[in-house]
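S.K.: One line per chain: the protein sequences are A and B, in this order.
Using my numbering, read the first sequence as starting at 201 and increasing by one per residue.
Using my numbering, read the second sequence as starting at 11 and increasing by one per residue.
These aren't lab readings, by the way, just hints derived from the structure by calculation.
Among these hints, one or two may not hold up.
[To be verified] Calculated cross-link-like contacts (lysine-lysine; reagent style DSS-like; alpha-carbon spacing at most 25 Å):
id: 1; chain 1: B; residue 1: Lys302; chain 2: B; residue 2: Lys288
id: 2; chain 1: B; residue 1: Lys199; chain 2: A; residue 2: Lys336
id: 3; chain 1: A; residue 1: Lys276; chain 2: A; residue 2: Lys292
id: 4; chain 1: B; residue 1: Lys235; chain 2: B; residue 2: Lys134
id: 5; chain 1: A; residue 1: Lys292; chain 2: A; residue 2: Lys336
id: 6; chain 1: B; residue 1: Lys302; chain 2: A; residue 2: Lys292
id: 7; chain 1: B; residue 1: Lys288; chain 2: A; residue 2: Lys292
id: 8; chain 1: A; residue 1: Lys336; chain 2: A; residue 2: Lys350
id: 9; chain 1: A; residue 1: Lys350; chain 2: B; residue 2: Lys199
id: 10; chain 1: B; residue 1: Lys340; chain 2: B; residue 2: Lys134
id: 11; chain 1: B; residue 1: Lys340; chain 2: B; residue 2: Lys131
id: 12; chain 1: B; residue 1: Lys131; chain 2: B; residue 2: Lys331
id: 13; chain 1: B; residue 1: Lys302; chain 2: A; residue 2: Lys284
id: 14; chain 1: A; residue 1: Lys276; chain 2: A; residue 2: Lys437
Here the structure is a predicted model, which means the values were calculated and not measured.
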Amino acid sequence: MDTTKIGGCAPEAAICARGISRDFEAGQTTIRVLHDINTDIRPGEMTYVVGESGSGKTTLISIMCGILWPTEGEVKVFGTDIYKLSDTELVKFRLNNIGFIFQQYNLIPSIDVASNAAVPLIAQGMPREEARERAKVLLDKLNIGNQADKLPRQLSGGQQQRVAIARALVHEPRLVVCDEPTAALDASSGRRVMDLLREVAVAPDRACIIVTHDNRIFDLADRIIVLEDGRITHDGKEMPDDH
Amino acid sequence: MLTGDAQKFYGLLFGIGFSTLLITQQMTIFVNLVERGASGVYNAPEAEVWVMDPVSRTTDVSYAMPGTALDRVRSVEGVEWAVPHLRAVANVRTADGDLEGVAVIGVDDSTLIGLPERMAKGDKSVMFAPDSVVIDDTGTTRFFPPEQDPIGERLELNDQRAVIRGIADSIPSFTSTVVLYTRYSNALKFVPGTRNRLSFVLVGVSEGQTPQEVAARIEAETGLKAQTRDEFSQAGVNFIIENTGIPTNFGITVFLGFVVGVAIVGLTFSLFLRDNIKQFGALKAIGVTNSKIVQMVAAQAGMVGIIGYALGVVGTVAFIKGFSANPFFKGFYIPWQIPLISLAAVVVILAITGLIAIRSVLNTEPASVFR
């Protein structure tokens with residue numbers, strides 16, 4: 201049953217967004233970049249959010265993962281209404297439940313790869329060495345275990361993105377959010393990263409949502425949501441023909 | 011993060027190190043320089059009480075007393091011994107014909123009290139030879155080339171013959187004037203006569219008496235001014251502070267050191283945080299709290315501060331050591347309070363600049379990392 205039409209949230213939904221709107225102030229003008237978005241993100245799927253620049257996809261993903269307050273609407277992540285949490289609770293919720301992969305990786309340049317990958321565990325309070333060991337196991341799985349003691353700048357772009365993937369998954373979050381994960385990579389590296397992401401980030405109890413406009417990887421999606429001018433214009437397994 | 015950006019890391023180290031060096035070095039020179047105002051007291055370590063005319067202020071600003079003052083002081087209870095001490099200025103014609111002003115210090119004829127404790131060359135007994143003077147090491151460099159041994163050299167001192175027979179290991183005066191030590195009776199001969207010639211009476215106190223008690227008793231019974239060694243040395247220091255522009259000049263330099271530190275460190279810190287704003291945004295998005303980020307920045311600032319501060323202090327020590335052979339810097343030391351003051355300045359610099367710079371990080375929305 202399509203629960204988005206009747207306002208309720210499916211119990212199995214990883215993300216349940218209802219009536220999401222977001223305004224931005226530009227001088228004296230208020231611009232609405234999202235209009236009444238209703239959608240569910242399901243676990244076990246790799247969901248793409250695609251659209252032209254300015255279509256609102258980054259705003260939507262920011263709201264869905266609890267780093268940008270919506271002007272209207274509510275977002276439940278694994279049943280928790282995240283915008284009813286206090287600031288401290290929301291920060292803790294993100295730390296324990298969400299993994300992030302950024303377009304520019306945003307690794308800390310002065311610490312080695314293992315420590316970068318271990319950041320969420322260290323932030324959770326795990327002793328540094330134990331966290332590094334846990335991270336190294338994941339780095340091994342991502343085939344960059346032999347780079348664990350290097351600094352990020354000593355790695356290629358594809359390798360840095362793998363470190364970012366390790367950082368996003370090391371604390372075993374239930375939701376993985378990726379922002380243009382292949383934008384800074386060439387076609388083959390991007391493809392390899394996406395294959396890897398599908399292998400490690402998609403699980404029956406984990407949702408993976410990816411913002412992208414890289415049409416080279418559209419065929420790897422389980423579901424594609426298309427945004428245009430802040431509205432969902434398509435939601436299906438494949439891209440619509442007119443895109 | 012900071013160590014990963016070599017330019018900014020070294021920029022911050024330079025800022026902190028330079029500030030520390032400037033503050034520590036200038037304060038060290040200032041303290042040592044004003045302490046030269048008390049060098050006359052330090053160079054006569056046996057004297058526990060200095061007795062002088064009531065208008066006298068320092069060893070160099072004194073008004074002579076009649077010779078009878080010595081006997082009046084000796085008659086005061088608690089005075090173990092009292093000896094005459096003469097301080098006057100004179101002129102020396104140097105070997106190459108130049109005129110040089112010198113200070114002549116007449117020490118007690120028999121005990122030689124008033125002579126510096128140590129001799130750099132020669133023995134104190136040389137003072138008993140005819141026309142004997144002992145020169146301080148400032149004078150040896152001022153009057154003679156390095157290859158020339160001053161011992162045995164004759165000087166034309168106020169048109170009279172004086173022979174250098176020893177070199178005193180003394181603390182230079184504030185003005186670095188050449189000092190010639192001679193016996194009191196010789197000094198009376200070298201220095202043009204006035205009715206009163208006795209500059210000071212140096213006093214040792216009897217066992218069981220304190221210098222303060224004896225000084226008070228001398229003042230009460232003789233009408234002269236009597237100060238303990240500590241009081242009189244402090245008076246010399248105070249005179250320099252009150253009557254010269256030195257505190258203002260050094261104060262301005264120290265302040266500029268602080269301002270330069272704030273400017274360099276503040277600018278570099280802000281640039282560093284701005285350049286890494288995406289990384290901080292990413293950390294905030296991941297779930298790292300603001301307080302943890304503040305701790306991270308504080309730890310990095312602390313590390314840079316400690317290294318920069320250590321470099322600045324080591325630089326000051328190297329400076330003082332490097333110039334220790336120069337008579338102007340003779341005896342210079344770094345009082346323990348000065349590195350602590352510099353440390354406080356570094357902490358304030360880092361706190362001010364850190365607080366200003368980190369506001370941008372704390373105000374960064376995590377969502378900015380996606381833009």
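S.K.: The structure should be examined with respect to each hint, and the outcome stated for every one.
M.R.: Going down the list of hints, with the structure as the test:
Straight-line distance between C-alpha atoms of B:Lys302 and B:Lys288 comes to about 16 Å, which keeps the hinted pair within the 25 Å bound. A distance of roughly 90 Å separates the Cα atoms of B:Lys199 and A:Lys336; the hinted pair therefore is violated under the 25 Å criterion. Between A:Lys276 and A:Lys292 the alpha-carbon distance is near 15 Å, which keeps this suggested pair within the 25 Å criterion. Our distance criterion of 25 Å between C-alpha atoms is broken by B:Lys235 and B:Lys134, whose separation comes to about 30 Å.
Distance restraint check for A:Lys292 and A:Lys336: the Cα-Cα separation of roughly 24 Å lies within the 25 Å cut-off, and the hinted pair is therefore satisfied. Using a Cα cut-off of 25 Å, the hinted pair B:Lys302 and A:Lys292 holds, with the two alpha carbons roughly 13 Å apart. For the given pair, B:Lys288 sits about 20 Å from A:Lys292 by alpha-carbon distance, which is consistent with the 25 Å threshold. Between A:Lys336 and A:Lys350, the direct Cα distance comes to roughly 12 Å. Compliance with the 25 Å bound is thereby established for this hinted pair.
A hinted pair counts as satisfied when its Cα atoms are at most 25 Å apart, and A:Lys350 with B:Lys199 does not qualify at roughly 82 Å. Taking the CA atoms of B:Lys340 and B:Lys134, the gap is about 21 Å. The hint holds against a cut of 25 Å. Between B:Lys340 and B:Lys131 the CA atoms are separated by roughly 16 Å; this keeps the pair inside 25 Å, and the hint holds. Restraint check for B:Lys131 and B:Lys331: the C-alpha separation of about 22 Å stays at or below 25 Å, so the hint holds.
Between B:Lys302 and A:Lys284 the alpha-carbon distance is near 23 Å, which keeps this suggested pair within the 25 Å criterion. Distance check on the hinted pair: A:Lys276 and A:Lys437 sit about 23 Å apart at the alpha-carbon level, within 25 Å; holds.
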